[in-house]
Structures are given as C-alpha cells and as structure tokens.
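Chain L is already provided as a structure; the job is to place chain H on it using the hints.
Protein chains: 2
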Amino acid sequence: MKEHIAILTFDGFNELDSLIAYGMLSRISLLGDTDWRVSIASPTPRVTSMNGLTIDTHIDLHEANSADAVLIGSGMKTREVGNDASIMGQIKLDSQKQLIVSQCSGTFLMAKLGLIGKTPACTDTTSKPWVQAAGVNVLNQAFYANGNIATAGGCLSAQYVSAWLILRLRGLEQATEALRYFAPVGEKDEYVNRALTHIGGARV
Amino acid sequence: MKEHIAILTFDGFNELDSLIAYGMLSRISLLGDTDWRVSIASPTPRVTSMNGLTIDTHIDLHEANSADAVLIGSGMKTREVGNDASIMGQIKLDSQKQLIVSQCSGTFLMAKLGLIGKTPACTDTTSKPWVQAAGVNVLNQAFYANGNIATAGGCLSAQYVSAWLILRLRGLEQATEALRYFAPVGEKDEYVNRALTHIGGARV
Numbered sequence: 001m002k003e004h005i006a007i008l009t010f011d012g013f014n015e016l017d018s019l020i021a022y023g024m025l026s027r028i029s030l031l032g033d034t035d036w037r038v039s040i041a042s043p044t045p046r047v048t049s050m051n052g053l054t055i056d057t058h059i060d061l062h063e064a065n066s067a068d069a070v071l072i073g074s075g076m077k078t079r080e081v082g083n084d085a086s087i088m089g090q091i092k093l094d095s096q097k098q099l100i101v102s103q104c105s106g107t108f109l110m111a112k113l114g115l116i117g118k119t120p121a122c123t124d125t126t127s128k129p130w131v132q133a134a135g136v137n138v139l140n141q142a143f144y145a146n147g148n149i150a151t152a153g154g155c156l157s158a159q160y161v162s163a164w165l166i167l168r169l170r171g172l173e174q175a176t177e178a179l180r181y182f183a184p185v186g187e188k189d190e191y192v193n194r195a196l197t198h199i200g201g202a203r204v
Numbered sequence: 001m002k003e004h005i006a007i008l009t010f011d012g013f014n015e016l017d018s019l020i021a022y023g024m025l026s027r028i029s030l031l032g033d034t035d036w037r038v039s040i041a042s043p044t045p046r047v048t049s050m051n052g053l054t055i056d057t058h059i060d061l062h063e064a065n066s067a068d069a070v071l072i073g074s075g076m077k078t079r080e081v082g083n084d085a086s087i088m089g090q091i092k093l094d095s096q097k098q099l100i101v102s103q104c105s106g107t108f109l110m111a112k113l114g115l116i117g118k119t120p121a122c123t124d125t126t127s128k129p130w131v132q133a134a135g136v137n138v139l140n141q142a143f144y145a146n147g148n149i150a151t152a153g154g155c156l157s158a159q160y161v162s163a164w165l166i167l168r169l170r171g172l173e174q175a176t177e178a179l180r181y182f183a184p185v186g187e188k189d190e191y192v193n194r195a196l197t198h199i200g201g202a203r204v
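Protein sequences, first through last, are from chains L and H. First residue of the first sequence: 1, per the numbering used here; consecutive thereafter. First residue of the second sequence: 1, per the numbering used here; consecutive thereafter.
Quick caveat, the hints were computed from the structure, so don't treat them as lab data. Heads up, some of the hints might be wrong.
The list treats identical chains as one, so a pair stands whether inside a single copy or across any two.
Here are the simulated DSS-like pairs of lysine-lysine, each with C-alpha atoms no more than 30 Å apart in a straight line [said to hold, decoys possible]:
id	residue 1	residue 2
1	Lys2	Lys118
2	Lys77	Lys2
3	Lys188	Lys118
4	Lys188	Lys112
5	Lys2	Lys128
6	Lys188	Lys97
7	Lys188	Lys92
8	Lys77	Lys188
As the structure is a prediction and not an experimental result, all values here were calculated from the model.
This is chain L alone, in the form it adopts within the complex:
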C-alpha cells in the first residue's frame, strides 16, 4: 500500500505551515520507504508565499482528494480562498476515509468544507476572531484531534501535526524518530515528549 499525504497550499501561503510539515513528513520516504509520498497540492502549478517565495507544486486539488491524508495549510489569502467557489468546489474530502488536518487559518477552510461542525478546533491567534465568526469553537491550545480530524494553531505546531499524521499512518516508533531527528540538539527529549503529549503517544 502506498500512502499519500497532500498538503493544500494556496497563493499567499505561510511557508512554515506548509513546508515544516513537508520536510518532516518526507522523513519517512527519505529513510527509504518507497510506499510513502508527500505532495504539495495547489490549484496552480506554481504558487507564491506571503513573503514572495515561489515554489513548484506537485499535484492539483483533484489528485489531493484521493490522498490518504490531507493537510490544509494557512496563508494571507485564506478568506479569499474560502469564498472562491472555483477553488472550494474542487476540494472534496471525506473524514470517513481520510485523515484531515488543518494548520492555523486552514481551520477556516475546514469549517467551510463542513468538516468541523461542533467539534472544538485550534487556529492561530491572528485568525482566531474570524475563525470564531465562521462558527468554530476555538480552543486555546496548540493541537486537538478528534477521530480522523485534527487542527493546530501557531506555525511551530506543524511539528505536532506531522507527528500525529505519522503516528496514525505508521505508528509511534516512526513518529518518535521523526520528532527526535528534527528537534534542536540538546532538547530532543523535551521536544519529543511535549509532542507525544499533544498527539496522544506515550512519553519516552
């Protein structure tokens, strides 16, 4: 079985929210697992970040719809994306079959897609007022998972999102290895344990 994780990345995207996860999740394939694939998914073949970094994207939104896990990134234009029927109409996710995660303002898109309902969710402090205005019960914490849905708030929470996806798709050992690899030298136990507390893994 080939596992595919798509990271939805839109014009004006936040570099940390899409690309920390891209790097951390890619650890699995980098270690030689050819059944693991991570893709940047976008409506366009190239996309430019909120700070002017232009990247080539890997797949379109249609292909992302069939991924095993989908991470909805964040950015400066999330509200415009959420109100653009030509983009939103292309996104068809199913939390019965897929893991679906949002980072920061991506929680707004998750709500617009009807994936949150009354479940509490996380977002960043800047987006919080308008994510609340969209009807979301926003938690004052970095990460929250419920079933196949998870949300995170604050760019560096991307480490928790990535670890949760690896935990759910590959188990605790690989999630722990990735966390340990990316953590600062001299602080690895501290980073691993805090992340495992968030994602529900046993502390090491």
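Coordinates of chain H only, in the frame set by chain L:
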C-alpha cells in the same frame, strides 16, 4: 538603511533549515518595514530540496556576499558543495562586517570558509562526525553565538537562529514579537523564554 539577510541554499537543501528562517525573518517586512529584505541565495536560479521541492531563488551568491547577514543552510549535498571550488570560490564573507550564521551541516561550509577556527560550534547529530572530522569543536547544544558568528544544530533550532539575527539587527522587542507570533498557541511564553535564553535576551 536597508538591511538585507541572505539565506544560502544549495541543491539538496533541507526545507526546514532554509525556510523556517525565511518565514520568521520575513516577519519584519511583513509588518510593514520596507527597510528589511530577506533573500534565498543560490548558485542557480532554481534549486531543489532533498525531498523534491523546487523553489525559485532570489539572488546569486555574489549578491549574498554584500548582505548584512548571511545564513548558511543545510542539506544532503553539503560535502559536495564544500568540495566544489566553483561554488565555494563565489562565497566571500567577512565576519568583521557581517553577521554569519550556519544551520546544521552549514557549519561544515562555515569551517571550510575559515570562519570558525577554534571557536566551538553547533551542528546536527547526523552531520556531527564529519563536521568534527573537518576540525570543528562541536558542542552538544542547539545554538551558540560568539561575536558576529553563530551556529545551530537540529532543524527546529532555526527559530533560535532567526531570533538571534533579529535581536542583533533590530533589538529585543522585535525578536520577542517574532518568536511569540510563530510559537504554538498555549506555549508562547515557554517558546519565547527558551529562545531568549539561547540568544542572550532577557526572559519575559
């Protein structure tokens, strides 16, 4: 005065090591400061990461040489870069006039450029043996600064590198604001205080 920070980014680069800093450092210009500029610098107009992410770069190595601060990123091909005279010959940095920082295996390039000498330095755990073999006294910690030179080990130490550069170029208030903005929700004081301890700022 326009301040310019160049992030040296080579073929096979580590996404977290170049792009966490790119996003965090860009916080200053995003908040409206037009005297602040952050650039991805590379020998080529486009560069592909260790996990297959292709980005457009902003400037060449020659232009990076005149930046106020230079961050040397990390990647899978650092040893090849360090042994490529056509690349290394283009890099001419001066720690009397510039802040110079390296992340993970970038410390190897800093040593090859003659910028470290006997000063202790940080790198990641994977690179440590061959960075030591290059004559560097490697510390078992996330961040170390000495004068205008700083080094960091472990991808998520990019937050310390970024905060140190902002501290040195713009002061404590802006460094603290950036750290707080990017930290996970509910953990902001913890992240800010740990980073400030690393970079020598007062805890908040």
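Hints and how they fare:
| no. | hint | verdict |
| --- | --- | --- |
| 1 | Lys2 <-> Lys118 | neither (33 Å within a copy, 48 Å between copies) |
| 2 | Lys77 <-> Lys2 | between (32 Å within a copy, 28 Å between copies) |
| 3 | Lys188 <-> Lys118 | between (36 Å within a copy, 26 Å between copies) |
| 4 | Lys188 <-> Lys112 | between (37 Å within a copy, 28 Å between copies) |
| 5 | Lys2 <-> Lys128 | neither (36 Å within a copy, 33 Å between copies) |
| 6 | Lys188 <-> Lys97 | neither (33 Å within a copy, 34 Å between copies) |
| 7 | Lys188 <-> Lys92 | neither (38 Å within a copy, 34 Å between copies) |
| 8 | Lys77 <-> Lys188 | between (35 Å within a copy, 24 Å between copies) |
Consistency with the previously given hints fails for numbers 1, 5, 6, 7, ordered from lowest to highest.
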